[in-house]
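S.K.: Which chain is which? The protein sequence lines are A and B, in order. Under the working numbering, the residues of the first sequence are numbered 1 to 115, in order. Under the working numbering, the residues of the second sequence are numbered 1001 to 1109, in order.
I should point out that these hints are in silico values taken from the structure, not numbers from a laboratory. These figures come from a predicted structure and were not determined experimentally. Positions of the beta carbon are idealized from the N, C-alpha and C atoms, including for glycine. Careful: at least some of the hints might be erroneous.
[Said to hold, decoys possible] Keeping only pairs whose Cα atoms sit at most 25 Å apart, straight-line, the calculated DMTMM-like set for lysine to aspartate or glutamate is: (1) A:K57 with A:E82; (2) B:K1052 with B:E1014; (3) A:K13 with A:D96; (4) B:K1003 with A:D102; (5) A:K57 with B:E1031; (6) B:K1069 with A:D102; (7) B:K1003 with A:D96; (8) A:K13 with A:E75; (9) B:K1108 with B:D1082; (10) B:K1052 with A:D102; (11) B:K1069 with B:D1011; (12) B:K1052 with A:D96.
[What the hints assert, rightly or not] Some residues of chain B that are not near chain A, with every Cβ distance over 12 Å (derived): (13) S1041; (14) N1053; (15) D1082.
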Amino acid sequence: KAGVTQTPRYLIKTRGQQVTLSCSPISGHRSVSWYQQTPGQGLQFLFEYFSETQRNKGNFPGRFSGRQFSNSRSEMNVSTLELGDSALYLCASSFDLGGGPDTQYFGPGTRLTVL
Amino acid sequence: DAKTTQPPSMDCAEGRAANLPCNHSTISGNEYVYWYRQIHSQGPQYIIHGLKNNETNEMASLIITEDRKSSTLILPHATLRDTAVYYCTRNNAGNMLTFGGGTRLMVKP
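Bound-form chain A, shown alone (with noise of 0.2 Å):
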């Protein structure tokens, strides 16, 4: 079975730009989360998304969105660009049987450096 996979690998953008990631989680997950690594900050989680609604947040500015589609794949986008958003950006997917944590399966993560 695939794993998740994300796209693009790495991104080059400037300051002021917007961004969107691409995540595809393992077949029949239907839960996606997002992460966001940075060597000061460590992993940090972004947001979760299940059945096409966000349903939980973590505590970033309203410049990091996302979405879901009907088929679980996820998109983020980051709007209005700093220095400090470069990082790497890691997408997660579990099946979420419900009634408790479900193992998360993470992607290679996108690479985003911002000038």
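Could you slot chain B onto chain A? The hints should help.
M.R.: Showing chain B alone in chain A's frame:
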């Protein structure tokens, strides 16, 4: 604070057991302990998880103390390919993994 606490780095001899500790003293009753590892800034790889009982799979064993305030990940026979950053995390029903700083494990020949 919902984060976990781990030693920043550890060394282990190849072929020996690697025991990685984690403190999660504020864990709540319905939170699971999950362990992941990350190699060369790839996506974190799932290793094992547990709630209150000890667990074992083909990769590792997980020992959770009775009061659930700490746990230990055991790699029974570490190899050079086990060199990675190991993260102990907590997961509630909301699928929000809370990561600490992780332990950088160096397996040496």
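S.K.: Next pair to validate is A:K13 with A:D96; report whether the Cα-Cα distance is within 25 Å.
M.R.: It is violated: about 34 Å lies between the C-alpha atoms, which goes past 25 Å.
S.K.: Checking one constraint from the list: CA of B:K1052 to CA of A:D102, max 25 Å. Satisfied?
M.R.: 16 Å, holds
S.K.: Hey, B:K1052 versus B:E1014, does the alpha-carbon distance stay inside 25 Å?
M.R.: 30 Å, violated
S.K.: When you check the alpha-carbon spacing of B:K1069 and B:D1011, does it fall within 25 Å?
M.R.: 24 Å, holds
S.K.: Sort out whether A:E82 lies within 25 Å of A:K57, counting only the CA atoms.
M.R.: 20 Å, holds
S.K.: Hint check: A:K13 vs A:E75, CA-CA at most 25 Å. Holds or violated?
M.R.: 17 Å, holds
S.K.: With the threshold set at 25 Å, check whether the alpha-carbon distance from B:K1108 to B:D1082 stays at or below it.
M.R.: Roughly 10 Å separates the two Cα atoms, so the pair holds.
S.K.: Is B:K1052 close enough to A:D96, meaning Cα to Cα at most 25 Å?
M.R.: 21 Å, holds
S.K.: Say whether it holds or is violated: B:D1082 keeps its Cβ farther than 12 Å from all Cβ of chain A.
M.R.: 18 Å, holds
S.K.: Taking only the CA atoms, is the gap from A:K57 to B:E1031 under or equal to 25 Å?
M.R.: Given pair A:K57, B:E1031 holds - Cα atoms ~18 Å apart, limit 25 Å.
S.K.: Once the closest CB in chain A is found, is it more than 12 Å from B:S1041?
M.R.: Its Cβ does come within 12 Å of chain A, the nearest being 6 Å, so this is violated.
S.K.: For B:N1053, is the shortest beta carbon distance to chain A beyond 12 Å?
M.R.: 15 Å, holds
In summary, the numbered hints that this structure violates are 2, 3, 13.
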